[in-house]
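**Q** With the hints as constraints, model all of the structure from the sequences given.
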Amino acid sequence: MNTELLLQLTINGLIVGLLYGVIAMCFVLIYKSTQVVNFAQGEFLLIGAWICWATLVWLQLPFWLGFIITLAFMTLFGILIQAIFLKPMIGEPIISVIMVTIGLSMFFQALMKWIFGVSAQSYPQVFETSTVTIGGLNVELAYIMSLIFSFLMMAGFYWFFRYSRMGLAMRATAFDQQVASSLGISVSKVFAASWAISAMVSATAGIVMGMVNGVSDALSFIGIKVFPAVILGGLDSIVGGVVGGVIIGVLENLAEFIDSQYLHVGNLYTIAPFYVLLIILAFKPYGLFGTKDIERI
Amino acid sequence: MITLSMRPCGDFRTTYKADTRIFETRFILLATILSVVALCFAPLFLDAYYLTLFIQISYLGIAALGLNILVGFTGQISLGHGAFFGFGAFASAWISNSFAIPVWLSIPLAGVLTMAVGMMFGLPAARIKGLYLAIATLSAQFIIEDFFARAEWFSGGSYGAAADPVSLFGMNFDSDQSFFYVALFALVFMYLWGTNLMRSRDGRAFVAVRDHYLSAEIMGINLTWYRLLSFGVSSFYAGIGGALYGHYLGFVSAEGFTLMMSVQFLAMIIIGGLGSVQGALLGTIFIVLLPEVLEATVSLIGSTGLMEPGTLVENLAYFKEMAIGLVIILFLIFEPDGLAHRWKQIKSYWKFYPFAY
Numbered sequence: 180m181n182t183e184l185l186l187q188l189t190i191n192g193l194i195v196g197l198l199y200g201v202i203a204m205c206f207v208l209i210y211k212s213t214q215v216v217n218f219a220q221g222e223f224l225l226i227g228a229w230i231c232w233a234t235l236v237w238l239q240l241p242f243w244l245g246f247i248i249t250l251a252f253m254t255l256f257g258i259l260i261q262a263i264f265l266k267p268m269i270g271e272p273i274i275s276v277i278m279v280t281i282g283l284s285m286f287f288q289a290l291m292k293w294i295f296g297v298s299a300q301s302y303p304q305v306f307e308t309s310t311v312t313i314g315g316l317n318v319e320l321a322y323i324m325s326l327i328f329s330f331l332m333m334a335g336f337y338w339f340f341r342y343s344r345m346g347l348a349m350r351a352t353a354f355d356q357q358v359a360s361s362l363g364i365s366v367s368k369v370f371a372a373s374w375a376i377s378a379m380v381s382a383t384a385g386i387v388m389g390m391v392n393g394v395s396d397a398l399s400f401i402g403i404k405v406f407p408a409v410i411l412g413g414l415d416s417i418v419g420g421v422v423g424g425v426i427i428g429v430l431e432n433l434a435e436f437i438d439s440q441y442l443h444v445g446n447l448y449t450i451a452p453f454y455v456l457l458i459i460l461a462f463k464p465y466g467l468f469g470t471k472d473i474e475r476i
Numbered sequence: 005m006i007t008l009s010m011r012p013c014g015d016f017r018t019t020y021k022a023d024t025r026i027f028e029t030r031f032i033l034l035a036t037i038l039s040v041v042a043l044c045f046a047p048l049f050l051d052a053y054y055l056t057l058f059i060q061i062s063y064l065g066i067a068a069l070g071l072n073i074l075v076g077f078t079g080q081i082s083l084g085h086g087a088f089f090g091f092g093a094f095a096s097a098w099i100s101n102s103f104a105i106p107v108w109l110s111i112p113l114a115g116v117l118t119m120a121v122g123m124m125f126g127l128p129a130a131r132i133k134g135l136y137l138a139i140a141t142l143s144a145q146f147i148i149e150d151f152f153a154r155a156e157w158f159s160g161g162s163y164g165a166a167a168d169p170v171s172l173f174g175m176n177f178d179s180d181q182s183f184f185y186v187a188l189f190a191l192v193f194m195y196l197w198g199t200n201l202m203r204s205r206d207g208r209a210f211v212a213v214r215d216h217y218l219s220a221e222i223m224g225i226n227l228t229w230y231r232l233l234s235f236g237v238s239s240f241y242a243g244i245g246g247a248l249y250g251h252y253l254g255f256v257s258a259e260g261f262t263l264m265m266s267v268q269f270l271a272m273i274i275i276g277g278l279g280s281v282q283g284a285l286l287g288t289i290f291i292v293l294l295p296e297v298l299e300a301t302v303s304l305i306g307s308t309g310l311m312e313p314g315t316l317v318e319n320l321a322y323f324k325e326m327a328i329g330l331v332i333i334l335f336l337i338f339e340p341d342g343l344a345h346r347w348k349q350i351k352s353y354w355k356f357y358p359f360a361y
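Taken in sequence, the protein lines are chains L and F. Under my numbering, the first sequence has 198 at position 19, and the numbering climbs by one with no breaks. Under my numbering, the second sequence has 306 at position 302, and the numbering climbs by one with no breaks.
It is possible that part of the hints are untrue.
Stated by the list, open to error - Derived DSS-like pairs (lysine-lysine); straight-line CA-CA distance at most 25 Å:
1. L:Lys211 / L:Lys404
2. L:Lys266 / F:Lys21
3. L:Lys211 / F:Lys133
4. L:Lys404 / L:Lys463
5. F:Lys133 / L:Lys404
6. L:Lys292 / F:Lys324
7. L:Lys266 / L:Lys211
8. L:Lys471 / F:Lys324
9. F:Lys133 / L:Lys463
10. L:Lys266 / L:Lys463
As the list claims (entries may be wrong) - Label pairs and their in silico Cβ distance ranges:
11. F:Phe338 / L:Ala461: 34 to 40 Å
12. L:Lys471 / F:Ile222: 42 to 48 Å
13. L:Asn446 / F:Arg208: 52 to 58 Å
14. F:Arg208 / L:Ala461: 25 to 31 Å
Said to hold, decoys possible - Sample of chain L residues facing chain F (criterion: CB under 7 Å; computed from the structure):
15. Pro267
16. Phe295
17. Val297
18. Gly469
Calculated directly from the structure, the hints in this document are not laboratory data. Model, not experiment: these values are computed from the prediction. Glycine is no exception: its CB is placed at the ideal position from the N, C-alpha and C atoms.
**A** Here's what the structure looks like:
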């Protein structure tokens, strides 16, 4: 057994898994506060990464400025998407809401392909790329950056929902919309804010992933990979999203290890999470931390 | 054709028999028969290009009807219909190639095999619903797609599988003109069957499960069985559609049956009208003709010289995807009941003219 490879893959899994966790967190944020299952989460990553890339390469701006422009754009973008496309869908059956987000995902994916092309583009050198040795293992600096980013985002989310006014308003809205609005919380503002935050944080995750692997269409597939993570963690639990993301990330890499060492079937890496997803849905559909649906007649 | 949904005002039924008729009036029956007969002569006059479009509409329309039975009538969402469509195509090629079964028999057999696979993936549907089901079928999509690439004994792996043309009584239906009749027969047969299913006990049970599943269960409808059955019927239709597709092209390769295709099927039924047999066909026609219209528009813009035609033609595939995405959103926001509903409104407007409101 190749212990070194196993260890390397596990660490990779943890790092990628934490990024999945951040994206899962954004997904859960939208689901919890607005009851929308966002199939276009991957496109937030894609659009954010491309916009940032365009400001760096086409406009030749310094990274910090491009980053701020991207964040501002994504905030506006999230608010507009919610106001134009999802506000009219409030109260519609869940199938329709899902289909609207699928339509959005299709539209923006094709739009990005049209504007930026299908081939992967790499980011210009923003930070010094080098590898650091930690405990005998070579870890790329970009990975460490993404690790720090993930922890920062999680801490930020924790602070936001624990102490900030808006975060508390969001939790109240998620708990009961009617009660929240009767207490003076503007529900439409909360909806807009949750889409804006989700788009912004997802875009940042997209930029981080783009720096490691290059920006391409593949980024939008992350939005689909997030589903096993959120279902495993429980659809309406932010902690669950993070835990699910880490588990799926590690599992992916373990599947890669088993595949390359023993089975040699190839491509197990991408498909394993979906088998896990089916198993979870068959036995524990509400995930590890999700609240069980109780229906009254 | 009956739709078991809301009716416009002034449209009364006084007997149950009148309510469950396949053809609402004698005029509709005659019009349907006449148009089918007229279509029989179409290959004599029409260009091969139009025949190809019709054949496309028929195999996609059959699969779309299957999805509408599942989504529109039973209220179970599925994001894996494209994969089932592909499974039908491969299954029919596999059955006819490896067991020396004639193609006309392998098509329904492929339908049955797809039905079995669909019911297997529908098993979780017995317990879950709504978006959990959407996600479960999403993983079915990826798992089946992965299976196509992996199972060389079944699908020929990355090389794809060859599918013989349909042959019956020594005739080979391998040209556009001859396959047109196979497609027409299959389309009429499957649509009549679908309409008939919807007025039977099973069809009414599907609608009851959609409208209020708790009440349905209290009324003695076995939820698990009907959800599973709906998955089975829907996959059967997808399998038949896929098999026709395979034998029409003569070759099946694993690339086409992606999530994109599943979304396209969903687009068809949303545009046509959820819960309407007729709507599935209208939506399919819309989606099949959309790229053609786009192409014409692009060449028109190109001829005016405002934009360079070369770049526009190159990006046509993206325009098509964007248009489908946009059309889904616009229909859901502005016309959630689809074209079938719009058609009914137009019809009732003229029926009660000038008193309609």
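**Q** Take the hints in turn and mark each one as holding or not.
**A** Right, here's what the structure says about each hint:
no., hint, verdict
1, L:Lys211 / L:Lys404, "19 Å, holds"
2, L:Lys266 / F:Lys21, "42 Å, violated"
3, L:Lys211 / F:Lys133, "18 Å, holds"
4, L:Lys404 / L:Lys463, "19 Å, holds"
5, F:Lys133 / L:Lys404, "20 Å, holds"
6, L:Lys292 / F:Lys324, "12 Å, holds"
7, L:Lys266 / L:Lys211, "16 Å, holds"
8, L:Lys471 / F:Lys324, "41 Å, violated"
9, F:Lys133 / L:Lys463, "13 Å, holds"
10, L:Lys266 / L:Lys463, "32 Å, violated"
11, F:Phe338 / L:Ala461: 34 to 40 Å, "38 Å, holds"
12, L:Lys471 / F:Ile222: 42 to 48 Å, "22 Å, violated"
13, L:Asn446 / F:Arg208: 52 to 58 Å, "44 Å, violated"
14, F:Arg208 / L:Ala461: 25 to 31 Å, "29 Å, holds"
15, Pro267, "5 Å, holds"
16, Phe295, "11 Å, violated"
17, Val297, "9 Å, violated"
18, Gly469, "10 Å, violated"
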